[in-house]
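Residue numbers (full-length UniProt numbering), protein chains in the order written: chain A, 1 to 229; chain B, 1 to 229.
Just to be clear, a hint being listed does not mean it is correct.
One copy or any two copies: either way a pair holds, since identical chains are not told apart in the list.
Straight-line Cα separation of at most 35 Å, DSBU-like style, residue types lysine-lysine; simulated pairs [said to hold, decoys possible]: (1) Lys200 to Lys136; (2) Lys191 to Lys67; (3) Lys191 to Lys49; (4) Lys7 to Lys91; (5) Lys49 to Lys194; (6) Lys215 to Lys7; (7) Lys49 to Lys200; (8) Lys81 to Lys49; (9) Lys194 to Lys136.
Source of the hints: derived by calculation from the structure; they are not laboratory data.
This is what each chain is made of:
There are 2 protein chains.
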Amino acid sequence: MSPSPIKYYYDLMSQPSRALFIIFRLSGMPFEDCVVALRNGEHLTDDFKRDINRFQRVPCINDNGNKLAESVAILRYLSAKGKIPEHLYPKYFVDQSRVDEFLEWHHISLRLTCAMYFRTVWLDPLLTGRTPTEAKIEMMRMHMERNLDVVEEVWLESSDFLTGSTLCVADIFAACEIEQTRMADYDVRIKYPKIRAWLKRVRQSCNPHYDVAHKFVYQISGTGPQAKL
Amino acid sequence: MSPSPIKYYYDLMSQPSRALFIIFRLSGMPFEDCVVALRNGEHLTDDFKRDINRFQRVPCINDNGNKLAESVAILRYLSAKGKIPEHLYPKYFVDQSRVDEFLEWHHISLRLTCAMYFRTVWLDPLLTGRTPTEAKIEMMRMHMERNLDVVEEVWLESSDFLTGSTLCVADIFAACEIEQTRMADYDVRIKYPKIRAWLKRVRQSCNPHYDVAHKFVYQISGTGPQAKL
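Turn these sequences into a full structure, and let the hints guide you.
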């Protein structure tokens with residue numbers, strides 16, 4: 001009996017969920033769609049904790065009984081299984097280290113600050129009914145832009161994509177974080193011409209999967225992909 | 001001509017710097033000691049940015065001209081070069097994925113919240129002369145303890161070390177983050193008996209390198225390792 005396809009637990013409202021969704025689709029890897037509605041707290045049940053992910057988060061996978069969480073760990077596991085093409089995540093360790101450098105850098109810099117901005121401006125007011133102060137929004141924007149500056153000036157200094165001349169998983173993870181800020185009405189294109197042009201290239205390289213993954217982002221931000229990019 | 005040893009740029013006041021220092025020493029990997037005094041802003045110069053690390057952080061390495069930043073990316077690169085023994089970072093991809101799951105989880109959970117607590121209680125008052133409010137300290141402690149709870153109840157649920165029955169790099173990275181909170185007078189042992197016993201095991205498994213790496217932590221917190229553990 002051939003093994004079942006990997007079960008992929010995700011919600012397209014989550015940035016790393018979108019990133020892995022795009023990567024799996026681009027890789028042509030079959031997976032079983034297991035959508036988890038975070039907004040309904042489906043990840044917070046005891047069943048979810050016991051059977052799906054003890055950390056009660058998405059994304060996560062179940063590969064014929066082997067449960068694994070954390071998007072970058074999942075990516076590396078599936079790459080080792082030969083499911084992710086080499087142009088998206090290199091196998092040669094020197095090239096791989098350049099991509100890993102970004103994937104490790106982005107957690108507490110780009111990812112954290114984009115997520116905090118989104119949460120402050122969009123999510124918290126929705127959940128609590130309270131509007132954040134202008135000073136708080138300004139501080140969150142400053143933290144985020146400090147990292148967007150690094151993307152614009154360092155990562156994109158002299159190349160079309162973050163770690164070289166072609167698309168890889170680093171670009172997909174980064175783009176999914178930055179796109180999230182659209183929902184909080186932030187338009188990254190205004191201050192950042194290199195990021196603007198790079199986002200276009202990432203979307204083109206990933207479509208049609210990019211637009212599928214971002215359908216709720218486009219819908220909630222009230223702008224189609226064309227209008228924004 | 002044989003290649004030069006890897007240049008390792010670090011400051012023992014930085015948690016991931018200490019983690020890599022312990023890992024390199026345990027691995028018996030020769031490296032050239034390149035101490036960077038963060039307190040003197042040695043990482044903020046244009047020379048450092050151009051010649052050592054474009055992100056102006058430590059730790060980072062230079063391996064015969066190949067510059068690499070981000071502690072986890074450095075670890076993987078050196079593992080691929082055969083410099084890190086398999087018991088510290090597994091080579092079999094399924095075992096490796098368990099360690100990666102921790103390394104990716106810890107960034108915006110354990111690492112971030114321990115660092116924010118330390119910064120709020122110890123570093124910011126030192127730099128600005130202002131004392132944080134009790135409410136702020138309480139909030140930071142709550143965020144940190146939410147993640148210490150996960151270490152105690154999930155990661156250490158049924159094993160002596162975070163990802164199995166023996167020490168690996170995950171334990172070293174985690175211990176270095178948790179030890180940092182000593183300097184802010186936080187005693188993790190009070191609420192967390194499993195973490196207490198695990199920290200003892202980690203220290204024993206890593207010594208004498210653990211105590212060397214933590215010499216400033218012990219000194220600043222005013223407690224020797226014996227007094228604390």
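Taking the hints in turn, this is what the structure says about them:
Taking the shortest Cα distances, Lys200 and Lys136 sit within 35 Å of each other inside one copy (30 Å), while across copies they are farther apart (41 Å). In this homomeric assembly, Lys191 and Lys67 come within 35 Å of each other (Cα to Cα) only across copies, at 29 Å, whereas the closest approach inside a single copy is 41 Å. In this assembly of identical chains, the alpha carbons of Lys191 and Lys49 lie at most 35 Å apart only when taken from different copies (23 Å versus 42 Å within one copy). Taking CA atoms no more than 35 Å apart as the test, Lys7 paired with Lys91 passes in both settings, with 24 Å inside one copy and 25 Å between copies.
Only between protomers do Lys49 and Lys194 lie at most 35 Å apart by alpha-carbon distance; the minimum there is 21 Å, versus 42 Å within a single protomer. Taking the closest pair of Cα atoms, Lys215 and Lys7 come within 35 Å of each other only inside a single copy of the chain (22 Å); across copies the shortest separation is 47 Å, beyond that limit. Taking the closest pair of Cα atoms, Lys49 and Lys200 come within 35 Å of each other only across two copies (29 Å); inside a single copy the shortest separation is 38 Å, beyond that limit. For a Cα distance limit of 35 Å, the shortest separation of Lys81 from Lys49 inside one copy, 26 Å, qualifies, whereas the shortest one across copies, 37 Å, does not.
Only within a single protomer do Lys194 and Lys136 lie at most 35 Å apart by alpha-carbon distance; the minimum there is 27 Å, versus 38 Å between protomers.
In this structure, none of the earlier numbered hints is contradicted; all agree with it.
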